[in-house]
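S.K.: If you want the building blocks of each chain, they are given just below.
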Amino acid sequence: MSMNILSIPTHFKGSFGRQKHVRKALERVMHGIFFFFGIVAVGFVLLISAYLIFSGLPAIREIGLRNFLFGTVWKSTAAQPEFGILPFLLTSVYGTAGAMLVGVPVGFMTAMFLSKVAPRPLAAIVRPAVDLLAGIPSVVYGLIGMIVLVPTIRSVFDLSDGACLLAAILVLAIMILPSIVSVSETALNAVPKEYEDASLALGATEIETYFRVSAPAAKSGIAAAIVLGIGRAIGEAMAILMVAGNVANMPTLFSSVTFLTTAIAKEMSYSSGLQRQALFSIALVLFLFIMLINIGLNLLLKRGKEG
Amino acid sequence: MPEHYAPVKMEPLSGRRKVFNRSLHVLLYLCAAFTCILLVGIIGYIFYRGLPNITWKLLSTKPSYLSDSIGILPNLMSTLYLVVFTLLIVLPLGVGAAIYLTEYAKNRRLVAVIEFATETLTGIPSILFGLVGMLFFCQFCSLGTSLRAGAFTLVMMILPTIVRTTQESLKAVPQSYREGALGLGSGKWHMIRTVVLPCSTDGIVTGCILAVGRIVGESAALLFTAGLAHSLSGFFQALSTPGATLTVALYVYVTERGETDVGFAIAAILMILTLLINLAAGLIGRWLGKASHGRSA
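For the protein sequence lines, the chains are R and E, in the order given. In this text, residue positions in the first sequence follow the numbering used here: the first is 573, and each later residue adds one. In this text, residue positions in the second sequence follow the numbering used here: the first is 578, and each later residue adds one.
Just chain E, same shape as in the assembly (with noise of 0.2 Å):
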């Protein structure tokens, strides 16, 4: 009975929803503008006041009172050797913890505890990180305060970033997979090790290069357990010495001592290296993703 459906009318928008629409479309476009803004702002204003004040001769000395200058290698190997020592660590153990996570572990209360720690360890601000590292690692096991202690601390706190990257590229690793190498007689360790840890490579990096960002940019939880010393020494030796990262150094050029121009520099600096990251991480996880899907196919 078509007639008694009436002609559908469409009724032109009432003043008020129009005026809602029209300011809500705006207030997005501002909002997301203000982003960028923002973003384009902090940044040029860095690498304003920031690179003309990289020169070669504060890349490669160290500070000295007797001439007067400053110098940030000491702080750039500081930064690199405990990116190094802190990854050596935890890279083992995260992975290692997710492994047990996706393929072992068949208790699920124990998974659940386990789960509810890393989510944990994400959410303890840096500063506590710090003062339990500074009472555990220096004090208790007597490390002093010295870029181990330093990494001991970053460990806890970097833990759950490569727990779950992994953990998600794990799981993405087809069950047939398992399942082919287990069924051609392959024990459990050997498939994983053949198997499973090939195809999800690109979490793990992912993880590592994220895992980086968040070494280099750590401030607080380095202050007490890495210490200030602006001291340039080898790798093994750096590690029982306390040092400063590029983050510190800033912190102390700036509010200890006045020095501005010093602290922009290394301000473009960490802002190269977070933009390098940020690159890798995406660049990486795809090129990676891509290659191991090209590998499975």
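Only chain R is shown next, with the shape it has when bound in the complex (with noise of 0.2 Å):
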């Protein structure tokens, strides 16, 4: 009995130390696997600007970076092949600023009534609609632009085909809509109150202050509004690819267009030897304008919340 009472603080205290020991282990095991998931995000995208930059180059070096870029024609499966990516260049930039031009000032009013002037239920009513065009997925605004869109604008524009540069645009311009109207909403509802309320009490009405006063205050976060659009609608694929008529021309706003994202989407399959070298080389023109694009947005956005 004893032996047994005696026992059992040596037992407790051998236990506890190891415990202690492996808990210790433990610890620093837990911590290094965090580290791992925490570093994963940092190696994914090392991985994909490796792989972008080390696939992408050969084939520039081999056309030479003044045709690939500046190059007016595409002509990947032709015997004497041609790999010119200005008209998807053009047709990128021109469809992103279209889409921007229809987008931005329906979305930013829209923030405004959201952020201002709606009546509340109203406002909780409008809120999960915009959320829930967010969350439509693109090959379906691809689906209707198809097959209501662009009978529309081949009857109304008297074309022989509807599937244009002004189709992609206005899809573009609906997928934009809702992260303009949320972010800019975010924005517009961090104005502080005494902005407003100093405003009204000079003598201002409600519109010239929401308009003179509200929205100069939250231009840093409409900016990163617009910015982010801008990086959504240069990156979209699938819609526009459905509406865009995905013919290599120079974009004009009635032809029929192939923009950076949809050449690639729509030879990647088929491709092969140097033509499927240039698509990756489009693919890292593509990279960079996004990764410039995401630089001007962090800085934005750290401008937002220094001011």
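No wet-lab data here; the hints were simulated from the structure. Just so you know, not all the hints are guaranteed correct.
Stated by the list, open to error - Simulated pairs of lysine to aspartate or glutamate, EDC-like, Cα-Cα distance not exceeding 16 Å:
| # | chain 1 | residue 1 | chain 2 | residue 2 |
| --- | --- | --- | --- | --- |
| 1 | R | K874 | E | E692 |
| 2 | R | K838 | E | E833 |
| 3 | E | K765 | R | E599 |
| 4 | R | K765 | R | E778 |
| 5 | E | K595 | R | E780 |
| 6 | E | K595 | R | E778 |
| 7 | R | K874 | E | E696 |
Claimed, not checked - Non-contacting residues of chain R with respect to chain E, defined by C-beta distances greater than 10 Å in every case (computed):
| # | residue |
| --- | --- |
| 8 | V665 |
| 9 | A795 |
| 10 | R875 |
Unchecked claim - Restraint ranges, calculated between C-beta atoms of paired labels, are given here:
| # | chain 1 | residue 1 | chain 2 | residue 2 | range |
| --- | --- | --- | --- | --- | --- |
| 11 | E | F693 | R | A696 | 29 to 37 Å |
| 12 | R | K874 | E | V596 | 34 to 42 Å |
| 13 | R | R699 | E | G762 | 25 to 33 Å |
| 14 | E | I849 | R | R699 | 46 to 54 Å |
| 15 | E | Y625 | R | G868 | 39 to 47 Å |
| 16 | E | G762 | R | E778 | 53 to 61 Å |
| 17 | E | R834 | R | K874 | 20 to 28 Å |
| 18 | E | S817 | R | P700 | 35 to 43 Å |
Don't be surprised by glycine CBs; every beta carbon is placed ideally from N, CA and C.
With the hints as a guide, bring the two chains together.
M.R.: In structure tokens, the structure reads:
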């Protein structure tokens, strides 16, 4: 009996000491595991950058940077293939600009409405509706564009084919609307109430206050919304693949056009050799565009936080 | 000296200001109405064209050239498998990354680098994920065009969503909880497992639902990685074979085979899923938020 009593504390002490040791080891292991999880995102970015750069450079070197970026003819499958991506570049730029031209005013006004003017119950209905717009898959937008928008454009403007830059611009404008609305609404909501009160007290009307005081005060947030929209629009592929016609024309409003993204999506499945490498180069150009936009967005958001 | 103050007299608004006010007011309502009409129009049209085409036969069979019929069961199953497998991988990764950022990381520069990386991942278009996924997972890791490769590609894409939502809810856990647990002699991992994580389930669940939404809606990243096949098989076999998800199937049926009715039927199913996912995200976030508040109070 006495042996037993004596042995309990030693046993306890021993196990406690071991436990402490085990616990310390466990802590160290968990720290290591979480560190690994933490840097996985960095690894992904490096992987993507490395793959795009290394698979994108050979074709550019072979074709020549000038011919590649400023060549106006893309004939990837011809006997004498030509790889000029200026039509794609310009289409992406025009398409994005057009979508912003249509989408930003509507989105900004909707955000202003939700943030300042709308009665509470109405805003409570509209806000989830905007979120829902953001959740609709892009192929569904493409389908509607293809079945509704393209025939409408064809009959309204009396064209032989309605699949054109205009259709793509309208689809893109609708697709970027939700992100513009939600980001600018957040920015508008963050404007200090005192600014608006001061303006109202000085005799400005409510509308004047919203547009001349609140909007300028929220300008970095609104700029971030615009940049985010640009990023979305330039990277969208499937929806415009279904409505833009996909011919490598120089862009005009009513011509069938190919974007940077759709050029990749369209030809990747059957490409080979230099054609395939040129598609990777297009991806690299797109990636550089996106990185520039991302950096711009980060700067804007940072300035918004400080200012 | 009150006589120095002139009585305040409100001047009526000048004509220009009146026009400015009136027109902008109208414009605000117009734009909001436009957004709503657009949404109602899109949803209404999809349901109008799609719902009549959803038949039990469409949902429960696979496409057959013999009887010249189309069924989307394989695509439904592929979508389900893809969602399950992607979440299995991305959930530990994303939650772990968020835990590292909020609980462990002390080096501010490293945190900044990781956060920049997550933001960059958010901005990369899905078609680029598709390309890199094809080059790395399908070719370099020789997984071939398969649901597995598609899932790994989606993991890269969805990681930021999980990290951000988890991080937000981890930050909302009061610091005193952590101090309490540590003060009682708990180790850091024990504290995270028993105190911090249970308090932030709402954020993690919301992140999961958002991730499901993105997986269901994704198409460009899957086109070259998960393929276009409509074959039906069990979970583990399906992972190593190609399979088209609902969105990819929609694209293929509409653009390559001109089956608009099937396209609209799939679109209607996708819309219903999106509606459910949005509702669930809102409700579960609120419900779990309340539940954890109730527990902490």
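S.K.: A separate judgement is required for each hint: does it hold in the structure or not?
M.R.: A quick look at each hint next to the structure:
| no. | hint | result |
| --- | --- | --- |
| 1 | R:K874 with E:E692 | holds, 13 Å |
| 2 | R:K838 with E:E833 | holds, 12 Å |
| 3 | E:K765 with R:E599 | holds, 7 Å |
| 4 | R:K765 with R:E778 | holds, 13 Å |
| 5 | E:K595 with R:E780 | holds, 10 Å |
| 6 | E:K595 with R:E778 | holds, 12 Å |
| 7 | R:K874 with E:E696 | holds, 13 Å |
| 8 | V665 | holds, 15 Å |
| 9 | A795 | holds, 16 Å |
| 10 | R875 | holds, 15 Å |
| 11 | E:F693 with R:A696: 29 to 37 Å | holds, 35 Å |
| 12 | R:K874 with E:V596: 34 to 42 Å | holds, 39 Å |
| 13 | R:R699 with E:G762: 25 to 33 Å | violated, 46 Å |
| 14 | E:I849 with R:R699: 46 to 54 Å | violated, 21 Å |
| 15 | E:Y625 with R:G868: 39 to 47 Å | holds, 41 Å |
| 16 | E:G762 with R:E778: 53 to 61 Å | holds, 58 Å |
| 17 | E:R834 with R:K874: 20 to 28 Å | violated, 49 Å |
| 18 | E:S817 with R:P700: 35 to 43 Å | holds, 40 Å |
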